[in-house]
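What follows is each chain in one-letter form.
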Amino acid sequence: MNVLVTSSNDYTIVTIEGRIDATSSNEFEKSVMEVIEEGNTKIILDCSGLNYISSSGLRVFLIALKKMKAIKGQLKLCNLQPVIQGIFDVSGFATIFSIFPDQKSAMER
Amino acid sequence: MYRVLWVDNQIAELTRVEVFLEELGEEWAFQMPLVLSLNLVLEEALTNIISYGYDDEGKHSIEIVFRKIGAELIISIIDDGHAYDPTSNAEPDITLSAEERPVGGLGIFLIKKVMNKVEYQRKENKNYLILTKNIG
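Chains E and X supply the protein sequences, listed in that same order. Those letters in the first sequence? Residues 1 to 109, per my numbering, in order. Those letters in the second sequence? Residues 1 to 136, per my numbering, in order.
Keep in mind the hints are simulated off the structure, nothing from the lab. Using N, Cα and C, we set each Cβ at its ideal position, and we do this for glycine too. Be a bit skeptical, because a hint or two may be false.
Derived BS3-like pairs: lysine-lysine, alpha-carbon spacing no greater than 30 Å straight-line [said to hold, decoys possible]: (1) X/K117 with E/K66; (2) X/K123 with E/K67; (3) E/K66 with X/K113.
Under 10 Å between C-beta atoms, here's a sample of chain X residues computed to sit facing chain E [said to hold, decoys possible]: (4) R3; (5) L5; (6) N9; (7) T15; (8) A29; (9) P33; (10) L40; (11) G53; (12) D55; (13) I94.
Label pairs and their calculated CB-CB ranges [stated by the list, open to error]: (14) X/E72 with E/V90: 41 to 51 Å; (15) X/K68 with E/G39: 48 to 58 Å; (16) X/A29 with E/E108: 38 to 48 Å; (17) X/D85 with E/D89: 23 to 33 Å; (18) X/S97 with E/G39: 16 to 26 Å.
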């Protein structure tokens, strides 16, 4: 798992690559929490390179969303691969997250 | 067709499970989405066993048996941890808002969503989790 943090317009973009499973979710949580604690209030998680997620990874996504909601910030997801979208659908996460087809549309709304 | 994988009660073993499933997928001609789904199911089941199944700090082996019988794939996970029936878990409420949703509790739910049948048995001080998927 790799995380790349960049910024574009007002957004901080966290690009995730690889797998978020029980062996890598702690590392992922640390990276995402750092971005939030730095005070970024508009964050996009670009999942184009995310090819596997388990409940350990979903847990981190939910923690991040709760944190962002608590500070009235924005957390958006984009570029979910079909397998990942499927897991978000069955777990009900697709209804609590703002999911966009790409970075551009995530920034526009 | 029949294959067996033994893993130790360590989270790092999940990497070996991933490699094993990729090889099994090639051998048994599974499509990639199926391999990923099976990986998810095994990770959730094994993470539970490894994290909560044992009362001691010792090393334990977990046996995973894969059987392909006609259009059915049957995966049996056998561990010597304390008795735990995951099929009795309450289902999470997936309609709650982000603020209301508890963190965690999705593992068993995801297993039930991917597999067609999830059965549990306790025999001779061992847990048997038997997972069946129709793979047509």
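For each hint, the structure was consulted:
1. Our distance criterion of 30 Å between C-alpha atoms is broken by X/K117 and E/K66, whose separation comes to about 33 Å.
2. Simply put, X/K123 and E/K67 have alpha-carbon atoms about 44 Å apart, too far for the 30 Å limit, and the pair is violated.
3. A distance of roughly 25 Å separates the Cα atoms of E/K66 and X/K113; the hinted pair therefore holds under the 30 Å criterion.
4. Against a cut-off of 10 Å between C-beta atoms, the interface hint on X/R3 is violated, since the closest Cβ of chain E lies about 21 Å away.
5. The criterion of a C-beta within 10 Å of any C-beta in chain E is not met by X/L5, whose closest approach is roughly 17 Å, and the hint is violated.
6. For X/N9, the interface hint is violated, the least distance from its beta-carbon to any beta-carbon of chain E being 13 Å, above 10 Å.
7. A least Cβ separation of about 6 Å between X/T15 and chain E falls short of the 10 Å threshold, and the interface hint therefore holds.
8. At a threshold of 10 Å, the smallest CB-CB gap from X/A29 to chain E is about 19 Å, leaving the interface hint violated.
9. Restraint check, X/P33 versus chain E: the minimum CB separation of about 6 Å is within 10 Å; hint holds.
10. A hinted interface residue such as X/L40 counts as satisfied when its beta carbon comes closer than 10 Å to some beta carbon of chain E; here the least separation is about 6 Å, so the hint holds.
11. At about 14 Å, the closest approach between the beta carbon of X/G53 and any beta carbon in chain E exceeds 10 Å, and the interface hint on this residue is violated.
12. Because the closest C-beta pair between X/D55 and chain E is about 21 Å apart, greater than 10 Å, the hint is violated.
13. The beta carbon of X/I94 comes within 3 Å of a beta carbon in chain E, closer than 10 Å, and the hint placing it at the interface holds.
14. Checked against the given bound of 41 to 51 Å, the beta carbons of X/E72 and E/V90, roughly 21 Å apart, lie outside it.
15. One distance hint, 48 to 58 Å for the beta-carbon pair X/K68 and E/G39, holds here, with the actual separation near 53 Å.
16. In this structure the hint that X/A29 and E/E108 lie 38 to 48 Å apart at CB holds, the actual value being about 43 Å.
17. About 27 Å separates the C-beta atoms of X/D85 and E/D89, a value consistent with the hinted range of 23 to 33 Å.
18. Taken as a hint, the range 16 to 26 Å holds for the pair X/S97 and E/G39, whose Cβ atoms sit roughly 25 Å apart.
When each numbered hint is compared with the structure, violations occur for hints 1, 2, 4, 5, 6, 8, 11, 12, 14.
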